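Let the sequences and hints guide you as you build the complete structure.
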Amino acid sequence: MHLEAFMNIFFGIVFAPLLAGIISRVKARVAGRTGKPLLQLYFDIYKNFRRGAVYSTTTSWLFRAGPIVGLAAALTALAIAPPLGSAAPLAFTGDVLLFAYMLGLMRFFTVLAALDTGSSFEGMGASREVFFSALAEPVLLLGLAAVARKAGTLQLSELLAAASATSPELVLVLAALCIVFLCENARIPFDDPNTHLELTMIHEVMVLDHSGPDFAFIECGAALKMWVLGSVIVGLVLPGAGENAWLVNGAAMLAGMFVLAISVGTVESVMARLRLLRVPQLLMTAGALSAFAFILVMR
Amino acid sequence: MEVLIETAMMLLILTDMALLGLSRLRPCIAASAFQGMLLGAFTILAHLHALAPRIIIIGLASFALKGFVFPWLLRRSIREADVHAELEPYVGFSLSILAGIGMLGASVWLSGQLPLAAPAGGSVVVPAALTTFFTGLFLIVARKKAITQCLGYIIMENGIYVIGIMSVVHVPALVELGILLDVSVAVLVMGVAIFHINRQFDHIDTDQLDSLKG
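As you go down the protein sequences, you meet chains A and B in turn.
Counting from 1, position 110 in the first sequence corresponds to residue 122 in our numbering; the numbering is continuous, with no gaps.
Counting from 1, position 119 in the second sequence corresponds to residue 260 in our numbering; the numbering is continuous, with no gaps.
No lab work stands behind these hints: they were computed from the structure.
Treat the numbers as computed from the prediction; the structure is a model and nothing was measured.
Cβ atoms here follow ideal geometry from the backbone N, Cα and C, with glycine treated the same way.
Just so you know, not all the hints are guaranteed correct.
[What the hints assert, rightly or not] Only part of the chain A face toward chain B is listed, based on derived beta-carbon distances under 7 Å: (1) P180; (2) Q293; (3) M296; (4) A300; (5) A303; (6) I307; (7) R311.
Structural data, given as structure tokens:
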């Protein structure tokens, strides 16, 4: 195993919080503001690690386990997501499923921790999160299944490497995955990450009771999740430049991720958050795209 | 060229889905106009290796008719009949999209069963054409407005047109142009009919027409 296999892990850990910074910077610029510093999320995470945690007496070990399991699951998913041009360190046949369900596990524990607080408010957020992700998960799996069928492998690294050749089905899967990306990371057409109006938030409401290092874990986990899903999208679009061109691969990967962050920022600037009832319709459309791609590769 | 044809078919399927999922009339008409222009371009693309004048004529005629004339006629009848922008479906939009997936699956299965000579452009053409055909049929059945039935008719004809262009090698240009003429006359007549229905009943909801029976 070469050292460049660990490139995505390194990049993910170092640059993941930067994506949120880029997105908010793009939004600020479009709105004509200066915006907060690009590295704001790093400062926030650092600050939260130095703080003490406060635990409600009504919570159990589940509440404490939520952020830790969430971050661990995100890190595992990061080890499965391959860098451009080489296989991931944790690559085996069928790791596509583990990848999808590591993200599922992360969500599950966040939801459990939210429910464990006993707050009806967090329960509401948890219910919405589960509702949306129950619709987003089949889209992700069906889309990956279509690419897997086309590439003839169930290993995420091989699958992304083989998919980089342009084919019409890939465009459908790509569109579906971009919608899933926005949904899973609680970005704007689905959830507004900046809102603190009680009735509208989804992800933010579930993590309200976490404090200190726990909240830092959650922020790290969320940033990593965005990086992981984004690197799958970038891996689908960009072809790797061979085994030994790690410099080119790394630069392409970073450039791809930053372009993705800028386009998310642009989408957030021009769109409003969807009404709650319209969200399933958008996810259904994404599912239809995935299903179309799947039917077309099955023929 | 193979890739171009496949991409065109993929766009055809996507416009079908847009037609099923859009909830307003004007975007639907825009989608059908896009489909028409796509088919015009596709006609020329599909025969790029043996480009005859008649194919260029057919392609340009369908490009102009379906891309510009039909949408214009439809928009005019919307304006004259003063139709509400919403489509008022019998079948909801999410369910319509699910039906669309079903139609695509059925088309893929059906095109495997049909004893067609393999058309150029791979096996994606016949499923896409059948899906378009079924989408048109679905729009006719599942939407209330008379104008969407006209739209569905145009979409259905698009599906038939694709099969005609791809799998029959030597259709006389006269036949193809005759079909185009037929469709345009039909759209014209439907526009007039919609106008008269509207003037008589103050709406064009076809589900209320059956209450006329004494």
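These are the hints, each one checked on the structure:
Hint status for A:P180 relative to chain B: holds, with the closest Cβ pair at about 4 Å, below 7 Å. A distance limit of 7 Å between C-beta atoms decides the matter here; for A:Q293 the minimum to chain B is near 5 Å, and the interface restraint holds. Annotation: A:M296 was flagged as interfacial toward chain B, and the flag holds, the nearest CB pair being 5 Å apart, inside 7 Å. Taken as an interface hint, A:A300 checks out: its beta carbon lies about 5 Å from the nearest beta carbon of chain B, inside 7 Å.
For A:A303, the interface hint holds, the least distance from its beta-carbon to any beta-carbon of chain B being 5 Å, beneath 7 Å. The interface hint given for A:I307 is met, as the beta carbon of that residue sits about 5 Å from the closest beta carbon of chain B, less than 7 Å. Hint status for A:R311 relative to chain B: holds, with the closest Cβ pair at about 5 Å, below 7 Å.
The structure shown violates none of the earlier numbered hints.
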